[in-house]
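Novice: Below are the chains, spelled out letter by letter.
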Amino acid sequence: MNIVDRALKNWKLHVLALVLTVIAELIGTISFDVGPAKLVMIPLLYSFIFGALCGIPALKLLTHDDMVETSSLVSVTFFFLMARYGTLVGPSFWKVVQSAPALILQEFGNIGTVFFGIPIAVLLGLKREAVGAAFSNAREPNVAIVGEKYGMDTPEGIGVMGVYVTGTVFGALFCSFLSSFIASTMSSADGTAFFSPQALAMACGTGSASMMSASLAPLTEMYPAIKDELAALASASNMCSGLDGVYMCVFLSLPISEWLVRLCGVKDAPSRPTGSASVEASN
Amino acid sequence: MTYKQMAIFLIICGVQILLGNWVGAQHGLTVWGAEGAASAAALFQDAIPGILVLLAIIAGGVFIHYIIPWKGLPAVAYIVTLGCLVTVPGFPGAEQLTAWVSKINFVGLCTPILAYAGLAVGKDIGILKKQGWRIVLVGLFVFVGTFVGSAVIAELVLRAMK
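If you read the protein sequences in the order shown, they are chains A and B.
One point on numbering: in this note's numbering, the residue at position 88 of the first sequence is 88, and numbering is uninterrupted.
One point on numbering: in this note's numbering, the residue at position 152 of the second sequence is 1152, and numbering is uninterrupted.
For reference, chain A alone in the conformation it holds in the complex (with noise of 0.2 angstroms):
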């Protein structure tokens, strides 16, 4: 029997994510001030998180295999995200084509985070392992393009799989926080504050599902009389993030935090897949 067939008839599992789902709606969205910002928590925040809990082996309550198999099917769950999401681009299609200039040229900023995460990787002691670390928010076209160019077992390769499992565990959490406090305490609809609701929405996609979701949901909150528009914003931003987000890394995110790593005086050479390694030992 394979791991999905046993994933689809473990019950405990799907009572479980239940269960969760009920608890964490009953709660309900919770907003709270923190200092000037305003914290929202939701409920997809408390199911990730008592999920989470439910995974402490002291509670004997699920085994490493019950995790494996839940992993298997985590990706099948997406599909009814990704599809209500085209439902929400489709409506409000016009308006994000009239916005297409500004969605576009953002997926630029997402390269912001090479010049902001190598110095710090590097500060913080990385050496090779800051270029996999911090030439993306390592999803998993990323992780694809580093395992090809410099292979997994290098420190290229424990570096993007660093932040691709920080990004499973923290991101959604983070995000949510992070999206929270920039839009409590530095935006406004009626342009009083720089950022506005939609720009932050656009920010929201960067090509992770999960995250774009916990980070769209407080702006939503926030601005619920344009609700509809941030998340078609937010969702055609993902989108954009999908489609480009491996050229950009190849031209572009790649090859400067290469040249930025040597700048903050990282002189180890570039590792290689241990295949094209061989053959150029041989010639």
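By construction, these hints were calculated from the structure, which means they are not laboratory data.
Keep in mind that this is a model prediction, so the values were computed, not measured.
Keep in mind that a hint or two might mislead.
[As the list claims (entries may be wrong)] Quick look at which bits of chain A chain B covers, simulated, 3 or more residues with Cβ under 8 angstroms:
1) 8 to 21
2) 60 to 66
3) 109 to 122
4) 196 to 203
5) 250 to 260
Note that beta-carbon positions come from the ideal geometry of N, C-alpha and C, so glycine has one too.
With chain A fixed as given, assemble chain B onto it according to the hints.
Specialist: Positioned in the frame of chain A, the structure of chain B alone reads:
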């Protein structure tokens, strides 16, 4: 994953989304109030066509992915495109489809999805411990950089367009 397994799991997931959507739409604990019972039943019924539309969009997207020989794009790309296409104003029946799916709260849709992600996350904690806190910290800075970088450019372009 076979198409049969996918279909079974999508149905399980659909039921969870329906129940979560129903509890969420009642604004927390008021769902158990007596006067809420009738409206709760109506809400539940209203959401069923929405879930069926989403399932149809998913099936359509997976089918397109299946018949197109070039596998450069994942099935989700076709799903999101199809969802967009059938609700663009002017597409036959777009208004009705939009009305149906709008009964499914899009943020609430994520609650069961993230529950599964949470249940699976425990197996990654070991990797995280091995990688060390420095990479975690860099990761968090990366998320800040991506968000702020994109937001600043989007804001400047939006202003320039006005």
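Novice: Hint by hint, say whether it matches the structure.
Specialist: Outcome of the hint check:
Under the rule that three or more residues need a Cβ within less than 8 angstroms of chain B, the assignment of the stretch 8 to 21 of chain A holds, with 8 such residues. For the stretch 60 to 66 of chain A, the assignment as covered by chain B holds, since 3 residues bring a beta-carbon within under 8 angstroms of that chain's beta-carbons and 3 suffice. Proximity of the stretch 109 to 122 of chain A to chain B, defined as three or more residues with a beta carbon under 8 angstroms from a beta carbon of that chain, is established by the 11 residues found. Coverage of the stretch 196 to 203 of chain A by chain B holds. Counting CB-CB distances below 8 angstroms, 6 residues qualify, and the rule asks for three or more.
Restraint check on the stretch 250 to 260 of chain A versus chain B: 0 residues with Cβ-Cβ distances below 8 angstroms, three needed, restraint violated.
Of the numbered hints stated above, the single one contradicted by the structure is hint 5.
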